[in-house]
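K.L.:
Starting from the two chains in their separate frames, assemble the complex, guided by the hints.
Here the protein sequences come in this chain order: A and B.
Mapping of the first sequence onto my numbering: residues 342 to 627, in sequence order.
Mapping of the second sequence onto my numbering: residues 5 to 272, in sequence order.
The set of hints was computed from the structure by calculation and includes no laboratory data.
Beta carbons are placed, not taken as given, at the ideal position from N, Cα and C, and that holds for glycine.
Incorrect hints may appear among the rest.
[As the list claims (entries may be wrong)] Derived CB-CB ranges, DEER-like:
# : chain 1 : residue 1 : chain 2 : residue 2 : range
1 : B       : L250      : A       : R543      : 39 to 47 angstroms
2 : A       : E549      : B       : P207      : 28 to 36 angstroms
3 : A       : R456      : B       : D56       : 52 to 60 angstroms
4 : B       : Q23       : A       : E549      : 15 to 23 angstroms
5 : A       : D545      : B       : I256      : 30 to 38 angstroms
If you want the building blocks of each chain, they are given just below.
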Amino acid sequence: MRGYRKTGNDKVRSEKAGRRGGRVGRYLRILRELARLRMQQLMVFRLDFFAPFFVDGSLFAVQLLVFDAIYGNVERIGTWDRGAMLVYIGSFSLLNAVSMSLCFFGVISIPGKIRSGELDLYLTKPVSPLFRLSFEQINPGSLPLVCMSLCIIGYGIRTGGLRPSGRQVAAYLLWMLLMAVLYYDMEVLMRSLSFYVLSTSRMDQLEEASLELCMKLPGTALYGVYKLLFYCLLPYGLMATVPVQSLIGELSWAGGLWAFSIVSGFSLLTAAAWRVGIRRYESASS
Amino acid sequence: MGAMIRKYREVARVHLKSQLAWRADVIFQMFFTIGRILFAYLLWKVIFDGRDEVAGFGFDGMLSYYIFSSFLTQLDLSQGISEEIHNRIRGGTFSKYMVLPVHTEGYFLAMEVGVVLFYLIFDLIAAFVWVLVFGIRLQITEELWVVLCAVLMVALGLLFMVQLTYYLGLLTLKYQGIGTFLMIKNNLVALITGSIVPLVLLPESVVGVMRLLPFYYVTYLPSMLLVGRCREETVAGLAVLAMWCLALQAVICVTWEKYSRRYDGAGI
Numbered sequence: 342m343r344g345y346r347k348t349g350n351d352k353v354r355s356e357k358a359g360r361r362g363g364r365v366g367r368y369l370r371i372l373r374e375l376a377r378l379r380m381q382q383l384m385v386f387r388l389d390f391f392a393p394f395f396v397d398g399s400l401f402a403v404q405l406l407v408f409d410a411i412y413g414n415v416e417r418i419g420t421w422d423r424g425a426m427l428v429y430i431g432s433f434s435l436l437n438a439v440s441m442s443l444c445f446f447g448v449i450s451i452p453g454k455i456r457s458g459e460l461d462l463y464l465t466k467p468v469s470p471l472f473r474l475s476f477e478q479i480n481p482g483s484l485p486l487v488c489m490s491l492c493i494i495g496y497g498i499r500t501g502g503l504r505p506s507g508r509q510v511a512a513y514l515l516w517m518l519l520m521a522v523l524y525y526d527m528e529v530l531m532r533s534l535s536f537y538v539l540s541t542s543r544m545d546q547l548e549e550a551s552l553e554l555c556m557k558l559p560g561t562a563l564y565g566v567y568k569l570l571f572y573c574l575l576p577y578g579l580m581a582t583v584p585v586q587s588l589i590g591e592l593s594w595a596g597g598l599w600a601f602s603i604v605s606g607f608s609l610l611t612a613a614a615w616r617v618g619i620r621r622y623e624s625a626s627s
Numbered sequence: 005m006g007a008m009i010r011k012y013r014e015v016a017r018v019h020l021k022s023q024l025a026w027r028a029d030v031i032f033q034m035f036f037t038i039g040r041i042l043f044a045y046l047l048w049k050v051i052f053d054g055r056d057e058v059a060g061f062g063f064d065g066m067l068s069y070y071i072f073s074s075f076l077t078q079l080d081l082s083q084g085i086s087e088e089i090h091n092r093i094r095g096g097t098f099s100k101y102m103v104l105p106v107h108t109e110g111y112f113l114a115m116e117v118g119v120v121l122f123y124l125i126f127d128l129i130a131a132f133v134w135v136l137v138f139g140i141r142l143q144i145t146e147e148l149w150v151v152l153c154a155v156l157m158v159a160l161g162l163l164f165m166v167q168l169t170y171y172l173g174l175l176t177l178k179y180q181g182i183g184t185f186l187m188i189k190n191n192l193v194a195l196i197t198g199s200i201v202p203l204v205l206l207p208e209s210v211v212g213v214m215r216l217l218p219f220y221y222v223t224y225l226p227s228m229l230l231v232g233r234c235r236e237e238t239v240a241g242l243a244v245l246a247m248w249c250l251a252l253q254a255v256i257c258v259t260w261e262k263y264s265r266r267y268d269g270a271g272i
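Excised from the complex, chain B in its bound form (with noise of 0.2 angstroms):
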C-alpha cells in the first residue's frame, strides 16, 4: 500500500514540477481569468444600477460569487485528461500509459493532483488581484465547518470531473472519434456548473433537477457556501456527490473490462 502511494506521488510531483517549464502559461492563465470576472463586473454593474438585489444578491454578494467559482473553474484542469485519452487512443499510443505499473485512471488523477497544486497558488493569487483591481468587498462565510465542507466538495467535485473526463476519454475505445461532442460537453459544463450565471437566477424546478446531478455540487455550491448562502443543502450535498463519484467508479471499470482489449497499440 506504501508502495503504491509512493509511485503515485512521484506521479504528481514530476507532473507538478513539469509545469515550471511553462511558465508563460502560468501568467497567461492567471490573467485570463480575468475574462469571467470582467463580465460579471460589468454585466452586473449594469444590471444593479437602480437596484438593490437580484435573486437575493446584492453587486457584491454576486461578485464575490463570481470569484469563487471563476477560481474553482479554474482549478479544474481535468479536461485536457479526455483529449489526451481521444488523440492517443486515435493514434495508437495510448500503449505509453497501459504499461506503466500503476493503474491508468489513477495516473491521471496523480497527474492532476500535480497540476491543481501547483495552480492553486497562482489562482489564489489571481483571484486576490481581481479583487483588489475591481475594488470588490468580498464577501464569505465565516463559519468554519461550512468553510471544510465547502473544501471537501470541491475535492469530490474536482475527483468527479477526472473520473468524467476519464471515462469520456475512455468512448474513444468504443467511437473513435468524440472531438466534437467533448467541445459540446465543455460548453454545457460551464453552464450547469454555474460558472456563467448562478443557477438560483434559473427557474426553482429546473433547480430542483438540476440538485439531482453533481455539476451542481463541482462548482456551484462551494461557491454559494463560501458566499455565505445554501448552507443547509450541504450534508445532503457531499452525500449526492459522494455517491456519483461512486456510481461513476463503477461504470468506469465495467467499461474498461468490456473495450480496453479492442484498442490496437502502435507504439508509445
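Only chain A is shown next, with the shape it has when bound in the complex (with noise of 0.2 angstroms):
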C-alpha cells in the first residue's frame, strides 16, 4: 500500500516535473524519436537518400551560373552588386534546405492524408498532429545542403567585400529564423486548403511558380502590383530580401516591421486556417 501511494506519488512528481521540464522538453524527445524512426526508414532506400541534395543543389548551381552569366555583363541589379546576390541565393537555397531537411517531406503529405482519412491515426495520439505530421519525415539527405548554402553564403560576403557588424550579423540570423517560420507558415497553408477542398495542385503549381519566381529574383526588383503581390498576398518576395537587406543594411525601421507584422500575421492565419480545418475534419476511413 506505500509502495503503491509512493509510486503514485512519484507518478505526480514526475508530471509536474515534466511539466516544468516542459512541454519543449517534451517535444524534443518527440522531435529526437522520430528522427530515429525516419533514418530507419531512410536507410531501406539507400540510393535514394541524397535525392533531394542533388536535385536542389543542381537547381541552386543553375541559378548561381545564371547570376554569373547575368553579372559579367552588367555590375549592378538595382542597388545589389554580386556579393550581395550571392548572399541572396545561399539565403534563399538556405531555407530551403532548412525546410527540405525538417517538413517539406512530412508537410506535403498532410493533403493525402486528409483525403484519404489517414488523419485519425495522428488525431488520437498526445502530441500535436501537425507537430507529428511535420517533423515525422525528416530528411538528413539535405543537410549538405544547409552546407553548400552556407558557403555561397560566406563566398557572397567575400566576393563582396562586405564586413558587417556583429549587429548586422544577429539581425541576418534573427531575420532568418522569422524567414523560416514564414517559410513553414505558407507551406502549412497551402497543405490546410485540403481540409476545405478537394484537391489543391493549383495551389501547389501556384507555390511552386512563386517559388521558382522569387528565388531568381530578389524583392528589391519588384514594384507597384508585383510587390503587394509578392511581399503581402503570398510573402515569398520577402523571404531572402529582408535578410540580405538586414546583413548589408539597406533594411529600414519601416521594412522590418512591415516584415514582423507579414510574418506575424500570416501566422496567425496558419494557425487559425489549420484550427478551423481539424474542427471541419469528417474522417474518410473506416
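P.N.:
Here it is as C-alpha cells:
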C-alpha cells in the first residue's frame, strides 16, 4: 500500500517535473524519436538518401551560373552587386534546405492524409497532429544542402567585400529564423486548404511558380502590384530579401516592422486555418 | 507505308482529342507561362534602368527573346515521356506499349505531335496576351527564309527532345531508378537551352562548347533567329542538330536491342 502510494506520488512528481521541464523538452524528445524512426526508413532505400540534395543542389547551382552570366555583363542589379546577390541566393537556398531537412516531406503528405482519412491516426495520439505530421519525415539527406548554402553565403560576403558588424549578423540570423517560420507557414497554409477543397494541385502549382520566381528575383526588383503580390499576398518575395537587406544595412525600420507583421500575420492565419480545418475534418476511413 | 502513317496519325489524333478532357490544365498551362515572362520583365527592367544595351540586346529585344524562348519551352512537353516509361517499366506495365502494332518510339513521337498540335494554338494565344499585357514592342526578323529555318529547327529540336527523353526512359531497363537523374536533367536543360537567360551572356568560350551540343539549337538559336540575330549560324545549326538526331537514334536502337529483353512484364 505504502509502495503503491509512493509510486503514485512519484508519478505525480514526475508529471509536475515534466510540466516544469516543459512542453518543449517533451516535444524535443518526440522529435528525436521521429528522426530515429525516419533514419531507419531511409536506410532501406539508400540510393534515394541524397536525392533531394542533388536535385535542389543542381537547381541552385544553375541559379549561381545564371547570375554569374548576368553579372559578367552588368555591375549591379538595382542597388545589389554580385556579392549581395550571392548572399541572396545562398539565403534562399538555406531556407529551402532547412525546410527540406526538417518538414517539407512531412508537410506535403498532409493533403493525401486528409483525403484518405489517415489523419485519424494522428488525431488520436497524445501529441500535436501538425507537429507529428510536419516532423515525421525528416530528411537528413538534405543536410549537405545546408552546408552548400552556408558556403554560398560566405562566398557572397567575401566577393562583395562585406564587413557586417556583430549587430548586423545577429539581425541577419534573427530574420532568417523568422523567414524560416514564414516559409513553414506558407507550406502548411497551402496544404491546409485540403480541409476545404477536394484538390489543391493548382495551389501547389501556384506555390511552385511563386517560389521559382522569387528564388531567382530579389524583392528589391519588385514594384507596384508585383510588390503587393509578393510582399503581402504570397510573401515569398520577402523571404530572403529582408535578411540580406539587414546584413548589408539596407533594411529600414519601416521595412523591418512590415516584414515582422507579415510573419506574425501569416503565423496566426496558418494556425487559424489549421484549427478550423481540424474542426471541419470528417474522417474518411473505416 | 500508307497504312503505317495512318496508324501514327490515329495515335496523334487520339492524344490531341484526349487533351480536351483536361480543360483546366490547358488554362493553367497558359496562365503559368507568365512566370518566365514576369521574371524577365522585372529583372531586365531593373537592369536596363540607366542603360540601353546588354550583350547587344535592347530592352524590347531582350523581352522579345523571352517571349519566343518561353513559347518554345512550353511547346516541349516531352519530359512526361521518360517519366511514363520509367513508371511503367518499374511497375511492370510497359507491356501496354510493347503489344501495340506500332513501334514504341514512333508511338511516343506521334503522341507528342498530337499534344504539341493541341497546345500550339493556346501557347500562341498566351504569348500574344503577354505581349499586350507587358506592352512589349515585339522584335521579329523580316526575312522569310530565316523564319522557315527557325521553324524547321524547332521541329528538329522537338524531335531531339522526344528522342532524348525516350532514351532516358529506356535506361530504366538497366538502372531501375532514374527519377532523381530526370529531375537534375530538367534543371540543367533549362540553363543550357537558354530558357532562363540568353546564352550570349555566357563567356564566348562556353558558348563555343555549347554550339557543339544539340541543346543550343532547341530553344536558344531559333529564338535568336526569330528576333533577327545569329542568322549566320542557321545552316550550320540545322546540320549539327540533324546529326545529333541521327546519332541519338542509333544509340536508341542499340539500347533497345540490348536491354528490352531484360523487361519483366506484370500485365498492361
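K.L.:
If you test the structure against every hint from before, which numbers come out violated?
P.N.:
The structure conflicts with no hint, since it agrees with every one listed earlier.
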